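Given the coordinates of chain A, work out where chain B should sit on it, guided by the hints.
Same order as they appear, the protein sequences are chains A and B.
Everything in the first sequence is counted per UniProt numbering, starting at 1 for the first residue and increasing by one.
Everything in the second sequence is counted per UniProt numbering, starting at 1 for the first residue and increasing by one.
What the hints contain is simulated information worked out from the structure, not anything from laboratory work.
Hints are supplied without guarantee of correctness; some may be wrong.
Stated by the list, open to error - For lysine-lysine, the following BS3-like pairs were computed, each having C-alpha atoms within a straight-line distance of at most 30 Å:
#1 Lys164/A <-> Lys47/B
#2 Lys47/B <-> Lys295/A
#3 Lys135/B <-> Lys201/B
Said to hold, decoys possible - Cβ pair distances, simulated, as ranges:
#4 Gln77/B <-> Glu178/A: 33 to 41 Å
#5 Lys52/B <-> Phe92/A: 44 to 52 Å
#6 Tyr78/A <-> Gln66/B: 51 to 59 Å
#7 Gly297/A <-> Glu121/B: 26 to 34 Å
#8 Pro58/B <-> Val307/A: 33 to 41 Å
Said to hold, decoys possible - Which chain B residues face chain A? A few, computed with CB under 7 Å, are given here:
#9 Pro59
#10 Gln66
#11 Ala69
#12 Asn131
The structure displayed is predicted, hence computed values, not measured ones.
Heads up, the beta-carbon is just placed ideally off N, CA and C, and yes, glycines get one too.
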Amino acid sequence: MAMSMRRALLPLYRIQCHSLKNAEASLDVRFPLPFVVPVRTKKRFFVPPSTKIKAKMTASQDQEANTRAAGFVIRQEYMERSINIACTAGVFDPYIPPEGDARLSSLSREGLKQRTQQIKQGAASQLAIRKIKEHDPEFTAKSFAVKAQEIFVEAHDSLTQFNKEKLHSLVTERCYPEMVRGNRYKTLRWRFVESLEPPKVVHARCPDMVTKGNLYGQVTVRMHSRQTLAIYDRFGRLMMGSEEEPRDVLEYLVLERHLINPYGMWRLHGKIVPAWAPAKEPVVKTIMIPGPELKPGEEFEELNYEVPKPKAVQWHK
Amino acid sequence: MATSVMSRGGQITYCTYYFTCYSCRLFAFHKPQQHFIHTSVSLDVNKNWDRKNLQVFPPQQPGEAQRPAEVHHCRRQIKYSKDKMWYLAKMIRGMTIDEALTQLQFNDKKGAKIMKEVILEAQEMAVRNHNVEYKSNLYVAESFSNKGKYLKRIRYHGRGMCGVMDKVHCHYFVKLVEGPPPKVEQKTGFDQAKEYVEQLKSRTIIHSL
Chain A
1 MAMSMRRALL
11 PLYRIQCHSL
21 KNAEASLDVR
31 FPLPFVVPVR
41 TKKRFFVPPS
51 TKIKAKMTAS
61 QDQEANTRAA
71 GFVIRQEYME
81 RSINIACTAG
91 VFDPYIPPEG
101 DARLSSLSRE
111 GLKQRTQQIK
121 QGAASQLAIR
131 KIKEHDPEFT
141 AKSFAVKAQE
151 IFVEAHDSLT
161 QFNKEKLHSL
171 VTERCYPEMV
181 RGNRYKTLRW
191 RFVESLEPPK
201 VVHARCPDMV
211 TKGNLYGQVT
221 VRMHSRQTLA
231 IYDRFGRLMM
241 GSEEEPRDVL
251 EYLVLERHLI
261 NPYGMWRLHG
271 KIVPAWAPAK
281 EPVVKTIMIP
291 GPELKPGEEF
301 EELNYEVPKP
311 KAVQWHK
Chain B
1 MATSVMSRGG
11 QITYCTYYFT
21 CYSCRLFAFH
31 KPQQHFIHTS
41 VSLDVNKNWD
51 RKNLQVFPPQ
61 QPGEAQRPAE
71 VHHCRRQIKY
81 SKDKMWYLAK
91 MIRGMTIDEA
101 LTQLQFNDKK
111 GAKIMKEVIL
121 EAQEMAVRNH
131 NVEYKSNLYV
141 AESFSNKGKY
151 LKRIRYHGRG
161 MCGVMDKVHC
171 HYFVKLVEGP
181 PPKVEQKTGF
191 DQAKEYVEQL
201 KSRTIIHSL
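One chain only, chain A, in its complex shape (with noise of 0.2 Å):
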């Protein structure tokens, strides 16, 4: 151990002897005066033998039997952020609003069938409203309805001054981002003038999500009202709609709410649209649509090409 002290050592004594006198070289050459290691360079760290930490720090699982195997426990490190989920993702078991809705005046015998029917409402429904009022005894349908038409006009006034907070409270998670989007820089000027029909529950549905006692319930209510709305782009044109001319509107709202939760909040889910429903009105400015993909060669004629409309589909929003 010495030897291979001394040779490691060899030419940091040759080093020492070049700057000692001529005198003491001769002396000294053969028996150099001991080195003295400095402390600052001591390894303080203290590796186990079986670990080799000097090697590249890439996942081996060799590494890990070693450790392991060494004794070395390592406890797993949850990183953990949990997540509160207040609202389904989406409609249960939508309600299909019969055609013809609204369409027929009140006093013809249609629109009386037509009434009644909406009144008796689907078996499942009866069972739904049922359960929701034994989680919330003060449910009833009539009462229910003027509130949701309540909250219906409340949130879109907080959309219009966007008031985020209370927004949040009357609209459920799932809805506020399809409210919102786009609107951020945009001015919106909506008002409801009147209501035409009283508003109605037409269905309820009490879907349990994930685990079996996690009841929420969704209720539809429809809605004939007059509103007026109109949208101003970041410059303050018009981009759609007039503040002036009001419109019949015809909507079947669904709201909310999480029964298990004491402190839930009947809130704005989504909107249904169904297939009949008449085109929206277009924008205000022209917009490109894409044209048929073309092979190279062929030329666009535009006698023959008709615009591909999109397919009548009940979907909500």
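Positioned in the frame of chain A, the structure of chain B alone reads:
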């Protein structure tokens, strides 16, 4: 926004879902994590130009003239000299967007290609986000370049002398406005001469009888 939000009544969390991820911190046994972080310019850059796109104007009355749409766009830390970029920026000032794009397309400079990309991006943004009706109905209202953050290197001179070599970067800013470009009055030499003569003729002696 599925995180818990304090509403009027307060919401108790009944459903919590945990996402676990095994990680060991004592010894780095896992591969060096690929952090897909977007590397960009440091944080002390002035972001005022981008913020101009977020300014919302109040709705106009029906009698007022329509306010033209404006789009502000920029690119930061372009590897080009600000002085060389200035020539191109000066060239396209006041041109319609199509004219500017064609000029840049057939220009041999390196900055021309980058400027063309920036203007195309701005056009796309204008049509999609800022309610611009016709993408050709835009003109370049403002276009300028300025100095970005330079990297410093050593430049070796003769006789063991050194200097600082700057690796130059620049920022480029452009503002597109909707509508036809404003006509710049071209003053001919004759007009200028006429004005000068009129100036001379209108000289008087003040406070004289």
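Hint by hint, here is what the structure shows:
no. : hint                              : verdict
1   : Lys164/A <-> Lys47/B              : holds (26 Å)
2   : Lys47/B <-> Lys295/A              : violated (45 Å)
3   : Lys135/B <-> Lys201/B             : violated (50 Å)
4   : Gln77/B <-> Glu178/A: 33 to 41 Å  : holds (37 Å)
5   : Lys52/B <-> Phe92/A: 44 to 52 Å   : holds (45 Å)
6   : Tyr78/A <-> Gln66/B: 51 to 59 Å   : holds (58 Å)
7   : Gly297/A <-> Glu121/B: 26 to 34 Å : holds (32 Å)
8   : Pro58/B <-> Val307/A: 33 to 41 Å  : holds (36 Å)
9   : Pro59                             : holds (4 Å)
10  : Gln66                             : holds (6 Å)
11  : Ala69                             : holds (6 Å)
12  : Asn131                            : holds (4 Å)
Checked against the numbered hints given earlier, this structure breaks hints 2 and 3; the rest are met.
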